[in-house]
Amino acid sequence: MNPKKMYPVYLVIPAFLIYAVFFIIPNVSGLALAFTDWNIYFFDDIHFNGLDNFIKLFHEEVFWIALKNTFLFAVATVLGKNLLGFLMALLVAKTSKFNIYLRTVMFLPVTISTIVVSIIFVSIYNPDMGIVNQFLRSVGLGGLARQWLVDPKVALWAVAAMEIWQWSGFNMVVFVAGMQSIPDDFFEAARIDGAGRWQTLKCITVPLMVQSFAVTFVFSIISGFKVFAQIYGTTNGGPADATQVMGTFLFKSFSEGKLGYSAAVGVIFMFLILAFSLIFLIILRKKEVEY
Amino acid sequence: MMKKGWKNNMLAVAFSIMLAGLSGCSVDTGTASSVSETKTAEETDEVKTADGTENTEETKETEGSKETLTVMIGSGDGGGEAAKTAFQKAADIMGINVELSIFPDDQFLNVLNTKGATGNLDDLIFVSYSLQDLPYNELAELDGDWVNNVTDVSRQFLLNPDDGQTVIMAPMGSESNMGLAYNKKVLADAGVELPIRDYGSFMEACEKIKATGVTPVYVSAKETWTPQILLLSSMTSTIMKEDGLAQKLATNRVKPQDIQGLQDMWANVAALKEKGYINEDHMSATHDMGKKAIAEGSAGFYAVTDAAYGEIQSEYPDLVDGVGLTITPMWNDAELAFVMTNRTSRTLAVSKKSKNLELAKEFVNTCLSEEVLKVYYELSPGSAPFQSLDYELTTSPWNAEMQELAKEMPSYGDWANALFDGKAVLNPFWGDFDLNVQSMFSGKSSQEAIEGWYKKYADDAKAKRLEGF
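Sequence lines, in order, name chains A and B.
The first sequence: position 132 = 209 (the numbering used here), numbered continuously.
The second sequence: position 28 = 44 (the numbering used here), numbered continuously.
Simulated from the structure, these hints should not be mistaken for laboratory data.
There may be inaccurate statements among the hints.
[To be verified] Think about it this way: if two alpha-carbon atoms lie no more than 27 Å apart in a straight line, the pair counts; the simulated BS3-like pairs of lysine-lysine are:
id : chain 1 : residue 1 : chain 2 : residue 2
1  : B       : 423       : B       : 264
2  : A       : 303       : B       : 472
3  : A       : 230       : B       : 478
4  : B       : 264       : A       : 230
5  : B       : 289       : A       : 133
6  : B       : 271       : B       : 100
[Stated by the list, open to error] Some chain A residues well away from chain B (every beta-carbon gap over 12 Å; in silico):
id : residue
7  : 104
8  : 117
9  : 139
10 : 203
11 : 226
12 : 227
13 : 229
14 : 230
15 : 264
16 : 287
17 : 316
18 : 329
Bear in mind that the values here come from a model prediction, so they are computed numbers and not experimental data.
Beta carbons: idealized from backbone N, C-alpha and C, even for Gly.
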């Protein structure tokens, strides 16, 4: 095969068209529609309304609740998934038959549909019959039993815990791969220098795994901000909008037929995810170590 | 040459695959077609319509297979037996198949509007919503002997809002009562007598019930639609009290929070929680739990629609006689007492763009025939929305109880379905009424809740470009 051979440019046309139809055009249209009053009651009669949608959005109490909840959910799950995933990776990093089995078990929740996980957790969190409260009562901690998905004070955290349970296994796999790619020489040198386990972890393992952290952090941030099915399947944003997040807020406004307004929500949403992802990526890139 | 030809062929194949994929995203905007050309009259059934006259209906079968109609329906109705059984009966009579497209209740209206706006409604829709909330321009005109037999209470809500004349909905469900279901034994043990005509007396009754160790009022706020009944069934008389008040509300000249009587009523509902008169697990309690509580007597009152009678009858047949229905006295002034009697609770409509338009219209008429209505009312008893019938449908003792009360006090629809000067002027003003009522049970003040309701309905009204918003 001739490495210098150039394929004609028109071969990219099919891929470009698909990309244009399913990504570029919808996004540009979405941006344009965010400045209109388009709604399903007057589907064929669209008017430009300037910044009205954004002004209304910023005056909407539920929007700020959704924004706050999305942020809290993202922070809690980014920390939870990475911390738990890292601990699990430490536990199963060494290759053995038992660890391979453990890795599989820990990764399994990732393969389940989020909606299915939500339905399972609705049962797990049931105030009367759910195993969480049943367990707490059986060990004499009935005072800690809560109405997990309907008490506005705990509902969001209960859903975050579900998300952490489901996705920590994914981060674990990334971390295990990261750990296994660190040359043994570094650990051997550290051992010769008399470094203990904690020092090795702190000075060798963690710094050399920044690339893995960058991947899992960006993935976790994006999935944390894009949270939808977890809330939709458990609390549906309730009670009384207390667990509303950006995804469900957008879905709700779209479902109410306010299409231009929903587009404005989508635009804000997109820039938020973009901004947070870029910030984390820039910070973590600076901490990467080459070896 | 060969190579170039091969590349061009590959390119053509790639384009074809892409276009084929994209074509799946297109919307079928083809005009509706009648099935009359494909049907054959193989057998006939005699069907008596809602006014008692007899129609001859052909059974339609295409060559080799039955034709199929699809009905969009909310999970509440789709999960129950009444609609399913009645539709199946109608399908059997016509010799066709009927399939239900069941949508979650909290998404159903949104799906209906989205599918309506894109011309993708199923053949039929079965709803409890008002026409103003629906894509009514997408619904076909209906005709049948039943049209002139509908009661005045329900008729207004079946007409196209634009012309006020064309019938586009068929009334299948009963004219419904809403109020407080009560456990007769609990009230007797506590020495509570009915009817209770004002909120002060209601508080006294709650205190007496609480003293017997029973929860006075059961609230199932996990679902948003049940707690709202407390206010749905009590606000109308306050709006009726002042001439033109409904019209002012409808044109944004008055806000609900500016009306003292409404403010008091919302505060009275919120106070049920503050005074400890409701069940502690109210935020996780469901309608099923509410029915159980009222049937078994672990609660004194529970706000419901009369559809709950049929449900309790099938779930707790031995206990249903111990449960009655009364008014919801959330008002402070006893003179505001009224019985809430709404228009027909469930309606059928046909999509204009249905490919089986004529068959779907015929299905509607079959559903309103004696044979099918008898099946429906057996499972969902109530007062049929027809002026006269030469056959009897099963009615509910709850309706009879409310009709007795209506001899002592006025009878109105809920605020959205009440007629003010002969018109349902508050029909499009829902907003997030249910969510805001629910919010009072999860910590919001009554003032925040009533303001939240106004804000949302004003937003909706603005989107609908209504006068004054």
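#### Entry: Non-conforming hints, listed in increasing numerical order
1, 3, 4, 5, 6, 8, 9, 10, 11, 12, 13, 14, 17, 18
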